[in-house]
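Start from the sequences and build out the full structure, keeping to the hints where you can.
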Amino acid sequence: MSTLPTLRESLEAHGLMAKKSFGQHFLLDLNVTRKIVRLGGPFDGDTVIEVGPGPGGLTRALLESEAKYVLAVEKDSRFIELLAELDAAYPGRFGVVENDALKVDEAALLAEYGLPPEAHLVSNLPYNVGTPLLIKWLTGPWQPKSLTLMFQLEVALRVVAPVGDDDYGRLSVISQVLCDCDKIMDLPARAFTPPPKVDSAVVRLVPKAERPDRKIIKNLETITAAAFGQRRKMLRASLKGLGGETLLAKVGIEPTLRAENISPADFLRLAEAL
Numbered sequence: 001m002s003t004l005p006t007l008r009e010s011l012e013a014h015g016l017m018a019k020k021s022f023g024q025h026f027l028l029d030l031n032v033t034r035k036i037v038r039l040g041g042p043f044d045g046d047t048v049i050e051v052g053p054g055p056g057g058l059t060r061a062l063l064e065s066e067a068k069y070v071l072a073v074e075k076d077s078r079f080i081e082l083l084a085e086l087d088a089a090y091p092g093r094f095g096v097v098e099n100d101a102l103k104v105d106e107a108a109l110l111a112e113y114g115l116p117p118e119a120h121l122v123s124n125l126p127y128n129v130g131t132p133l134l135i136k137w138l139t140g141p142w143q144p145k146s147l148t149l150m151f152q153l154e155v156a157l158r159v160v161a162p163v164g165d166d167d168y169g170r171l172s173v174i175s176q177v178l179c180d181c182d183k184i185m186d187l188p189a190r191a192f193t194p195p196p197k198v199d200s201a202v203v204r205l206v207p208k209a210e211r212p213d214r215k216i217i218k219n220l221e222t223i224t225a226a227a228f229g230q231r232r233k234m235l236r237a238s239l240k241g242l243g244g245e246t247l248l249a250k251v252g253i254e255p256t257l258r259a260e261n262i263s264p265a266d267f268l269r270l271a272e273a274l
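All the letters of the sequence shown, read from the start, carry residue numbers 1 to 274 under the working numbering.
None of these hints come from the bench; they were simulated from the model.
Using N, Cα and C, we set each Cβ at its ideal position, and we do this for glycine too.
Certain hints may be false.
Stated by the list, open to error - Here are the in silico distance ranges between beta carbons for each label pair:
id, residue 1, residue 2, range
1, R78, A107, 23 to 29 Å
2, E85, A237, 56 to 62 Å
3, L30, T246, 55 to 61 Å
4, T222, E254, 18 to 24 Å
5, N261, E9, 40 to 46 Å
6, P5, D44, 24 to 30 Å
7, G140, D165, 40 to 46 Å
Have a look at this one:
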């Protein structure tokens, strides 16, 4: 690592700046990125997929860790050449793919690189696609070993919010039904270049050992969309199109309650009943 230029030097050498249209805000302090990797690990002997590495702040920290291989997925073609320089410093441990993470088939990508089908996900997520990417990774056919993800603070709070909290919603339920979720680090806006208008936080999610089948997960998405889409209404009204009081009676949930009062476990029971 000592033979590499600093992140700022690399950006200047390649004439690169953050692109607003991609929601880019760079972490250039390696002390911060090392802490994120330490809290998100351990990655000993495992593969890590990093999404949106940009200039490579988190990438460098991941390559310093005990991860066996780091595979970066970057949509912005401007950074591919800069990131490729890391391969010389860490031969045989790093690969970079130019692609849109929303469209990537992670299982196929790992197979293409001859890597095991299991991998961790780490990302300083672009603000404009953070939630869609999380839903993809939570509900899709490929299941990561763990997810260490940075969001704008309001999204991070929604992921970990307990039932009854103001931030509790659809994202909370889906995340907590499928994973153990913890907010592990807060980051002020000034930690980024350029600084965003809001603070950020890092969330670590570990998929639960027992996972509902795909049909139940789809039902969960449907029910939470209906319940929280009309969160001020009683469940008997917001879930009317899905069975309403009949569905609620199947699992013993009071029809006059609202979505914010229903635990993730009870939403799962509703999905199973549906």
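Original post:
For this structure, which hints from the list above don't hold up?
Top reply: 5 and 7
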